[in-house]
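Colleague: If you want the building blocks of each chain, they are given just below.
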Amino acid sequence: MMEGLIVFVLIGFAPFLFVGIINRVKAIWAGRRGAPLLQSLYDFVKLMRKGQVVSGTTSFVFRIGPTVYLGGVLLAALLTPVPGAGAVMGFAGDFLLFAYVLGLGKFFLILSAMDTGSSFEGMGASREATFSTIVEPAFFILIGSLVLLTGHLSFEGIFQTLNAISGYTVLVSSLSVLCLFLMLLTEGARVPVDDPNTHLELTMIHEVMVLDTSGPDLAFIQYASALKMVVVATLMAHLLVPPDLPAWASTGLYLALLAATAGAVGAVESLIARLRMSHVPQFIFLMTALAWTVFASVLFFSQGDF
Amino acid sequence: MTLVLAGLGLVFSGGALAALAKGNAGRLISTITTLASFLLLLPPIYSVLTGGETRQMVLQWSEPAGMVRFVIDPLAAFFMFIIALGGWLSAFYSMDYMRAYREDAQGLSAYYFFLHLLIASMLVLVIVQNAFVFLVAWELMSLASFFLVSFENGKEEVRKAGLYYLVAMQAGAAFLIAAFAFMSFKAGSMDFARFSEVFHQDAGLSLWMFLLFFVGFGAKAGFFPLHTWLPLAHPAAPSPVSAILSGVMIKTGIYGLLRILLLMGPPEKGLAMMVFLVSLVSGLFGVMNAIAQRDIKKLLAYSSIENIGIIGMGIGLGMLGQAYGQPGLTVLGFSGALLHVFNHFTFKSVLFYGAGVVYARVHTRNIEDLGGLIRFMPWTATLFLIASLAISGLPALNGFVGEFALYYGMATGLLSASPGVILLSLVGIAGLAFIGVMAVLCFTNVFGVSFLGVNRRPFAHAPGEASGWMLLPMGLLSVLIVLIGLYPPITFPFLQQVVGSLAGEAAPALRTELGVLYAPVVRAIGLFALILLGLFLLRSWMLRNKRIAVFKTWDCGYQAPGSRFQYTASSFAAPFLSLTRAVLPVTRRLLRPQGLFPEDASFESRPRDLADVVLFSPLLGLLRKFFGLFTWIQSGKTQRYILYGLVFLLLVIIWIVGGG
Amino acid sequence: MTDLLIVFIGTSMLYVFAASRIEAYIKTLSLQGLLFFLLVLADIDELNDVNFFFLLFETLVIKALVIPYFLLRVIRKNEIGREVEPYLSQFYSLLIASMVFIAGFGMAFWSLEIAAGIKPLYFGVSISLIVSSLLLIVIRKRIITHILIYMLLENGIFLLSLSVANEMPVMVNVGILLDLFVGIYLLVIFFNKIHAMFDGSHIDVLTELRD
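Protein sequence lines, in the order shown, are assigned to chains A, B and C.
Be aware that the first sequence starts at 0, since it is given in numbering that gives the first Met the number 0, and climbs by one per residue.
Be aware that the second sequence starts at 0, since it is given in numbering that gives the first Met the number 0, and climbs by one per residue.
Be aware that the third sequence starts at 0, since it is given in numbering that gives the first Met the number 0, and climbs by one per residue.
To be clear, the hints were calculated from the coordinates, so they are not data collected in a lab.
A few of these clues could be false.
To be verified - Under the rule of at most 20 Å between Cα atoms (straight-line distance), these lysine to any residue pairs were calculated in the SDA-like manner:
id : chain 1 : residue 1 : chain 2 : residue 2
1  : A       : 45        : B       : 540
2  : C       : 140       : B       : 637
3  : A       : 49        : B       : 542
Since we're looking at a predicted model, the values are computed, not measured.
Kindly produce the complete structure, drawing on both the sequences and the hints.
Modeller: What follows is the structure, given as structure tokens:
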């Protein structure tokens, strides 16, 4: 019950704050004052109140796409444990459902983009699909390594056991955090993978897939993308929060880490330029390489210790 | 048992009758007899699958067959269900699909005859326990399918595909014949039970025999690199035949493997690893090649290779569990494999039926010429979408159910003590994840390009929706897809006995184990459905008084957009293909525009099959050169050849009589 | 009694060598079918029941009646008359055929010493039938004749399968299957009215069929 409430509140506000912090960091870095922290919440409400302009070439797929996308991310959020509060739903094998329900959302997002018959959106859809082929296996390798390390098959089990093992977990945790950070950048469509501010040829991935989306649908998609970032950041935070802290301390530390992650994203966006499109796959491959490194170290050390 | 015989007899006689009947009667006879036999077969299948008893019938035949036993055990019953159901659905679908060929009365009679022969031979195949009859049924199945594949033999590509298929089948069967011959020689009988005794006595022999059987059955199932016939045969065949080929016939290869596993008992570690790795490679290879295809049926054929790989991974996982003594792994592996056997049958059939509708209405298989079909055939599109979601393994549909079992099994493998299993499990998890996300790319591509957007080439006439005859099989299967996806435990009573027989007595009870595993998943998916419902209601409520304007797609201010500006399938796949150049050869021909006012410019890309490029083309080229050395023997005169034969015969007679 | 029947069968082969009318081949086929029927009847105690009935039906109905009837109808409808000038003259071919027939008896005597279970005369005559059919194919030129000679060859094989019926009963089944195969094969050809065979065309035309 308590968990549900905490998660509910988090789901409600964290995405907006997260995006707000990122934008504020970027603005300050650039010498501006920047928009209010909750600007994206105001945008969300504004969009929800609007009507829609729908393209004539679209079908029912376009109309249900954003909703399924958001539904998938919401379920993934419910499966993610929050430090100090646990997950609303946790069970053995939940990480599988987590990844696949996000995949379901992505499937419909891509189809909505194809439905408009626009070459822009097709381009974005194609790139989105291609980059996921690199991200997903890396994510599974990472989670698999954590399963191997901790001997548990659910998110909660993994994170609760994580810090209790011997010293080399620091190595594993830091590499995993880095790996997940890359995943956050990719899934959240942040620089250097994609530029959330424009949809020009050079940056045509996520932003361009929603060119024809408007009103509540656009609100859903923007909110879902932000929520996805929060979910990945939660996983990252969980790796860093020691499990034996009291609940309020865990949650407090977690919120601080969320803010810090948002800040880090903002910093990265301010420091690095968008990568040339043909170099983006290589960048995402870093995530795969990191994941394999994590696995190799876990395998090596676990065999040595036992 | 009598019901089974009645069912078999119905299928066979139905074929003969349908072949002889005139006009529309043939189609009706076919549909009714296949349905009747399916219904007749249901009671024994049900009782054997859930009860675990076996039914048996023994026939005494002359040598070399000897005593022929027909046994329906849970494994046989499982496959019989798929065969009978698939047969009926394809016959039903053919009712309308084959109407386009109604002038070709002779061809149609042959079609129905061979369709029924195919179904009947497959049914016999799974219940017989005698090597001789098994091989006869196997060859009948191959021949019947050959004639079905060559149905449109007016076209050269169909003829070539048919011949390639026939040769590939015979090559695979050669391995089977060799294996069975050797085994019956060792066992002194053709009966499978004797084989089982020999397997248990001699481990080294089992190893070699398994390899032979794996090549033979693997060629039929479509494992890499023995798969090259699949992408040729499936597009060439008419769509109902493609559906039954992909959905049912290649599973007989899987059946053969499982039967051999049942006879052999717990396998060696090396064999288990080999099966697992070959299947993983097949899965990866299949889906990668599917992404590169533009012929919708060739794409689906490669996708079948991918799914056979997934099924094989499940079998390999089960074998690993047996070899390393981890019963949890065994149950999960075999359950996942069998679930996927059935699930793949459901969604691949829908996909092929859908492709058949597209071909019947638009007369092209090239998805680059399609687009916007959802406006013309909304039901077909929706069912195709459901099947695409299912084949990508996405939750709330049945594909996820099978893959979940596999993933969970491999995750359990990560917890085992043996580093070999750990490594294999992680490679398996990474591989299966890679396969899954590539399948998402592949099917968003094919569905998006064919059904969504606007048509890229103008249609000669507006394509209509599929008829009720063609939609019913698709709809029926889609209901199964959704049902199993939302409530997986519905399948557990049927899997219990089969997996139990494969996994051995040490394995824990499937129902409880899987029940515990899937219960939270079912709850989560139920929650997901509620969330979706809530979001839809929210959206509708927010939009209730608002203006929803319909306008053209945003074109960035360009004043003359056209349907050809849309993303094509090749473009969609291009970023991915540029990453996989090493394992997916694509021949490209580019004619650059020259000069200030260029006239000629063209670009052509053609994906090639790696196994073909590296293995079979060079091999066949060598064979051709070798046989080219003997062309002088071929004079063209039949009499010269008979003379050769006569001379040889006389020489042999003289030698035998003289030598004594 | 059976020996007499077998010798008659062998002699009918010689008749074929001598004849030049196509109908003669067909009549020989029919006669051989009848002789086989009588032969099987005489061997009533040797074969088991199922095979026995099948053989009776097959020899009398298929071999002696149905196939010759169809062939005759097609031949008459297409007004095919005679064989053209063969490669080897009638006289020499008849001579060689007789020598083969006698050699067949030699084979029969040889098999008497070698193997116990097979019926020697069946074996010897069947070998001579097979060899002379093959020889006849090499000699004759018309395609339609080749088909008919093939049926004769196949009769010889049938006789061979009867000869080893005790040792390997399955050979009888195989022999019947061969009959069925050739019968269906022929019937299909004739049903499809493959005219090219019936208009005096020569075997030489077929030399086009090579790589």
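Colleague: Decide, hint by hint, whether the structure agrees.
Modeller: A quick look at each hint next to the structure:
1. For the proposed pair residue 45(A) and residue 540(B), the alpha carbon gap of about 15 Å is at most 20 Å, so the pair holds.
2. A hinted pair counts as satisfied when its Cα atoms are at most 20 Å apart, and residue 140(C) with residue 637(B) qualifies at roughly 10 Å.
3. Taken as a hint, the residue 49(A) and residue 542(B) pair is honoured in the structure, with Cα atoms around 8 Å apart against an allowance of 20 Å.
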